[in-house]
Amino acid sequence: MSEEIPMSLSVPTQGTQGFDSIEDGLADDGNCNRQSNIWGRLLSINKFFQSIDLIDNEYTLGRGKTCTIVLDSNELQTSKYFLAYSSKHFQIIRDATKNDVYIIDLSSNGTYINGEKIGKNNRHALQNNAEIALASKTHRTYIYLDAKAHEDLSFPAIVRDKYIISKEIGRGAYGEVKLCFTRGKTTMSN
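Taken in order, the sequence shown gives residues 5 to 194; the numbers are from the working numbering.
Don't read these hints as lab results, they were simulated from the structure.
Cβ coordinates follow ideal geometry from the N, Cα and C atoms, glycine included.
Don't take each hint at face value.
[Stated by the list, open to error] Have a look at the derived ranges for each label pair, beta carbon to beta carbon:
| hint | residue 1 | residue 2 | range |
| --- | --- | --- | --- |
| 1 | Leu87 | Ala177 | 48 to 58 Å |
| 2 | Asn41 | Gly123 | 25 to 35 Å |
| 3 | Asn118 | Ser91 | 19 to 29 Å |
| 4 | Asn126 | Thr72 | 41 to 51 Å |
| 5 | Ala161 | Glu79 | 35 to 45 Å |
| 6 | Ile162 | Leu87 | 19 to 29 Å |
| 7 | Asn133 | Ile73 | 17 to 27 Å |
[To be verified] No farther apart than 30 Å at their CA atoms in a straight line, the calculated lysine-lysine pairs in the DSSO-like style are these:
| hint | residue 1 | residue 2 |
| --- | --- | --- |
| 8 | Lys166 | Lys124 |
| 9 | Lys69 | Lys124 |
| 10 | Lys121 | Lys92 |
| 11 | Lys152 | Lys171 |
| 12 | Lys102 | Lys124 |
| 13 | Lys69 | Lys51 |
Sequences and hints are given; from them, build the entire structure.
Pasting the structure below:
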């Protein structure tokens, strides 16, 4: 599995500038029906984890074989954190009627959102661009991307079709810098 580091997309407030390729959010696998059902994505920011399109209303992640997302790859088992992952580490639940998404920490060693520990059996609202870490606040694994939040119509269609525009990472006198992900990529690499 290769690992890529996302780059930023500079969107000028005046004039036209080019931009470099960067990493992606929602997979573009040619299956329009499947893609239209995607309500979110866990974007891997760690070489041992795979990005996951969120379609169902409930997911459980952990080492246990009954989890929806099982942490059992050979690469993951070589991680120094592997034994710190619980058999059921966390659960993501989507309330489709309210369009709310929650993460519940089921672990003994902790699940962190943006560096803050959730606490065992506690529920935390999952917001767009939230960073998820497992077992340690520095062991970042995913960024949660809300599919609806990336429909920013202020960008030209040609940009929206190729990139998922995420959070602002910088600002200057002539423009903003946004974190973006190229559609179709499913992993991040160096």
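Outcome of the hint check:
1. In this structure the supplied range 48 to 58 Å holds for Leu87 paired with Ala177, their Cβ-Cβ distance being about 50 Å.
2. Hint check: Asn41 to Gly123, Cβ distance near 32 Å, so the stated range 25 to 35 Å holds.
3. Against the hinted window of 19 to 29 Å, the Cβ-Cβ separation of Asn118 and Ser91 comes to about 25 Å, which satisfies the hint.
4. The beta-carbon spacing between Asn126 and Thr72, approximately 20 Å, falls outside the hinted interval of 41 to 51 Å.
5. For Ala161 paired with Glu79, a C-beta distance near 38 Å keeps the hint of 35 to 45 Å intact.
6. For the hinted restraint 19 to 29 Å between Ile162 and Leu87, the CB-CB distance of approximately 47 Å leaves it violated.
7. The given range of 17 to 27 Å is respected by Asn133 and Ile73, whose C-beta atoms sit roughly 20 Å from each other.
8. For the proposed pair Lys166 and Lys124, the alpha carbon gap of about 39 Å is over 30 Å, so the pair is violated.
9. Distance check on the hinted pair: Lys69 and Lys124 sit about 20 Å apart at the alpha-carbon level, within 30 Å; holds.
10. With a C-alpha separation of about 16 Å, the suggested pairing of Lys121 with Lys92 holds against the 30 Å cut-off.
11. The straight-line distance between the Cα atoms of Lys152 and Lys171 is roughly 14 Å, inside the 30 Å bound, and the hint therefore holds.
12. A C-alpha spacing of about 25 Å is found between Lys102 and Lys124, which places the hinted pair at or below 30 Å, so the restraint holds.
13. Distance hint between Lys69 and Lys51 is fulfilled; the C-alpha atoms sit about 21 Å from each other, no more than 30 Å.
Violated hints, listed in ascending order, are 4, 6, 8; each of the other numbered hints is respected by the structure.
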